[in-house]
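> Build the full structure now, drawing on both the sequences and the hints.
Those protein sequences? They're chains L and S, same order as listed. Mapping to our numbering: the first sequence position 33 is 33, numbers consecutive. Position in the second sequence (from 1) plus 1000 gives the number in our numbering.
There could be a bad hint or two in this list.
[As the list claims (entries may be wrong)] Using 27 Å as the maximum straight-line C-alpha spacing, the simulated DSSO-like pairs for lysine-lysine come out as follows:
#	chain 1	residue 1	chain 2	residue 2
1	S	K1031	L	K94
2	L	K163	S	K1031
3	S	K1186	L	K7
4	L	K163	S	K1204
5	S	K1031	L	K7
6	S	K1004	L	K182
7	S	K1004	L	K90
None of these hints come from the bench; they were simulated from the model.
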Amino acid sequence: MKSSLIKSTVIFLGLFFLYFPILVLIFYSFNENKRVMVWKGFSLRWYNELFNNEQIIEAFIISIKIAALSATFATILGVMIGYSLVRIRKIPFKSFYIFLSSTPLVLPELILGLSMLLFFISLNNVIGFPSSRGQLTIFISHVTFCIAFVAIIIQARLTDFNKNIEEAAMDLGYNYTKVLYKITLPIILPSIIAGWLLAFTISLDDLVVASFTTGPGANTLPIVVFSKVRLGLSPEVNALSAILMFALIIIGLFYFYFNKKFKH
Amino acid sequence: MKNKLFEKYFVFSPYFWLVLFFFIPLAIIFKISISVSEWGMPPYQDIFLFDNGFKINTTFENYVYIFSDYYYIGSFVNSLILALISTFFCLLIGFPLAFYIATSNIRLRNILLVLVVIPFWSSFLLRVYAWKIILQNNGILNVILLNLGITSEPLQLLYNQYAVIMGIVYTYLPLMILPLYGYLNKFDLNLIEASKDLGLNRIKTFYKVILPLSVPGIVAGSLLVFIPVVGEFIIPEMLGGSDRLYYGKILWEEFFVNRNWPGASALAFSGIIILVLPIVIFQILYSRWSQKNEI
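The structure is reproduced here in structure tokens:
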């Protein structure tokens, strides 16, 4: 069949395009040579150096901490938004509510970062807090733009699911709060986990907003990596890439698992 | 009564957070963009002055300044062109891919979809960095070109606008494929068979049946690529050269290098108005419309 041949070729080329750069990166991470592009032989040397690089390890810990905390906050607030938009009829200034909860999805990160930085500086001028920028200000900024991603997942999930279950539980004498905690939240739990994973990854990966809102003692992993590869190549970053890509892809698979779970 | 309290808690907790940490920061950008700049810290004057009675001290000078200088307008136009070209190539690669995935059988479809989106989960910065390795003078692409005899000496592939387009198309491709797939997946593929049975050839089937049905997906995917690319900073910084300046770089330098906060704010606010506002309005109208039609 001619058309099925075209189809397989297109899909194969597409996947090749998507995976080739990642494979190249992983391949070069095993290069013994300090000059990244000249192959000298297989070695785990740069993995070893990576694990002894205190700057990278420290940045990694800071990033994980900020990502976990901001994902948690963003998930709580995002679930509230998703629930409000689908289930609660009376929201004052609803268009404004929708504007606030969806604009961070499309706003260029650079503008968001600049606005957060100027906000923190102005706030400090008015109330004397935050006196310097650092992990707290990155955390606040990350929560702010991760909320929208969680909200959209929860909103989609709640729109899908059958309201009758909630109404049946109410008829059986459950009050509003009990329905939420015993029925609604357990049912959408996989989507909540998926939302958390997405927020975690976005925060972990963010460079631009973090660069604006960072301060002393808050160099996140992307900031350190960017400073190393902005002007050239770094064999340690190659090793880091291989590990990080592997870990993030696993997280991505979990996301799909949780997000698709209910669709059957 | 209790329900009311509970609803309020759910609506107003995120409302409070977003007004405080999203809306007020945007308002501050606007405020600083209409402030008079001066030397000092912060490098602008207050917009409300109380020394000799109350006086409002604002200016549109910053906007006049950026809109009358080709340096700023030119780089914004560069960014728009870059976004247009990248969106086009994403569509060119993404459409056939999304189409063939959507027409595969269900099991294969899900696997392919996950395979397409998974790279998007791996770090953005590192995927851009991967292209830096590939496009080096002694990088893998040049080695292939040399061995095939297409070129006799290594080409300068890195640090120009083409490398930037390459990096953008690569990193943003999944954002194009997902909405395209979402819409293609919805429509009944028997329509294609039907149009063939009715005697339309492949090209006609494409133009008369497939393309019109996938317009919403094309619009959604194009917006998801176009808007962030206009503000893109990292990719031109890593793969680009000095041949072209872009909006993101200009904004960054105006703030961090020139320390012109009002100018940078005016640039940012203009970006919001030109890029984001039309889409937000569209989105609000659309969600109202879909809500009305649902009931």
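> If any of the earlier hints don't hold here, list their numbers in rising order.
Hint check: 2, 4 and 5 fail, others pass.
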